[in-house]
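**Q** Protein chains in written order, with the numbering used here: chain A, 6 to 133; chain B, 234 to 376.
If you are wondering where the hints come from, they were derived from the structure by calculation, not from laboratory data. Note that this is a predicted model, so its numbers are computed, not measured.
Keeping only pairs whose Cα atoms sit at most 20 Å apart, straight-line, the calculated EDC-like set for lysine to aspartate or glutamate is:
(1) A:Lys121 x B:Glu318
(2) A:Lys41 x B:Glu321
(3) A:Lys41 x B:Glu318
(4) B:Lys346 x B:Asp278
(5) A:Lys121 x B:Glu321
(6) B:Lys312 x A:Glu111
(7) B:Lys292 x A:Glu111
(8) B:Lys316 x B:Glu326
(9) A:Lys41 x B:Glu314
(10) A:Lys129 x B:Glu318
(11) A:Lys124 x A:Glu102
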Amino acid sequence: MNTVSQKEEGTVNPQRLQTETEREYVRPEVNIVETKEGYVLEAEMPGVTKDGLDIGLEENVLTIVGRRGPAPTGNALYRESRAADFRRVFELDPSIESGKISARIEQGIVTLTLPKAEKVKPRKITVG
Amino acid sequence: MTSLREDVDNLFNLAFGRVAGSSGDPDGGSQFLEGWSPAVDVYEDKDNLLVRAELPGMKKEDIEISLHEGFLTLSGERKAEQKQEGAETYRSERLLGRFHRSISLPCAVVPDKIKATYHDGILTVSLPKAEEAKPKQIPISVQ
Numbered sequence: 006m007n008t009v010s011q012k013e014e015g016t017v018n019p020q021r022l023q024t025e026t027e028r029e030y031v032r033p034e035v036n037i038v039e040t041k042e043g044y045v046l047e048a049e050m051p052g053v054t055k056d057g058l059d060i061g062l063e064e065n066v067l068t069i070v071g072r073r074g075p076a077p078t079g080n081a082l083y084r085e086s087r088a089a090d091f092r093r094v095f096e097l098d099p100s101i102e103s104g105k106i107s108a109r110i111e112q113g114i115v116t117l118t119l120p121k122a123e124k125v126k127p128r129k130i131t132v133g
Numbered sequence: 234m235t236s237l238r239e240d241v242d243n244l245f246n247l248a249f250g251r252v253a254g255s256s257g258d259p260d261g262g263s264q265f266l267e268g269w270s271p272a273v274d275v276y277e278d279k280d281n282l283l284v285r286a287e288l289p290g291m292k293k294e295d296i297e298i299s300l301h302e303g304f305l306t307l308s309g310e311r312k313a314e315q316k317q318e319g320a321e322t323y324r325s326e327r328l329l330g331r332f333h334r335s336i337s338l339p340c341a342v343v344p345d346k347i348k349a350t351y352h353d354g355i356l357t358v359s360l361p362k363a364e365e366a367k368p369k370q371i372p373i374s375v376q
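The following block holds chain B by itself, in its conformation from the complex:
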């Protein structure tokens, strides 16, 4: 059913002259006139938080990452490519322009050790947990 629903969504959005929502926004429409919104995932293991964002077709230098009071903010701009002269557009579904996502981190992290990579259109931000946020084992001596 999903593919049918998507078709209906696209038709609906196109009827208003603008494609709203994105692949990562299954409800569509909430980003109406506000740019686009990449899908974001948050993973954790014992030592790290991992934030992944689907950002196909960006340039590394157009992605900004910042950390402020427990919020990780991802923002940037996907720019239109130069249109070839005489080219005619048949379909234009890819969303362009600015995006902005703020993610509330579930625990304290070490700001100096945050690392980010961008491969295959996916931004991966790795955030080492602060010592106090890591699970601890308290040794109990049995008497």
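If we strip away everything but chain A, and leave its shape as in the complex, we get:
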């Protein structure tokens, strides 16, 4: 897939699986849309603040990690939410200008804006 694609999906490498299980993460749900200007990625990370958000870019691999805030004090009588932090990895399309990626977090939704480089934006050429 030649977009902001999922790096981990598809292949199962037993060796990698083992290292992944050393620390468990929750895989956040994401929406990805493409516009003329670039891609917009939204990830659901409830309980994560700006300080708990860690976005790393290594070559064309983007890793988003969200650390949850502390659990409330008191006894947990009933618990459905998971304590593990969030993590998801994406392979970026070469058309993305990685230096211009920006991120914000609002009410547990991380929004990443990934602009396309000038040269790949569609251009209108008028015939003179």
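Given chain A, work out where chain B should sit, using these hints.
**A** Coordinates of chain B only, in the frame set by chain A:
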């Protein structure tokens, strides 16, 4: 193993043309065609019950909270944002629409003193326990 299992779940659900379940529903699928279901936690200390629900990306005014005969009900709707013209969707995993959760409270609470906050996509409802529900110490005089 969890991440692998999740991948399988997603593929399974997508095969039916609709993503069922949610992050808070590890079994997936039980909310099939019924909206979505946020994960809910209940905590208690000496004086209060605390109900927390994971509701990322909501507007405060779209969340409803009610108390009726010992049940706390959380409901609301997560609405789709206006799609930009010419935008193409690559992934659409976030669940939209109505949700509804009813939680049976383990003890009596003071309805007038219930407080709710919504921060970082988490709704927190604090319910002070009724006097009769609080643990009591009975002084015993030793003779």
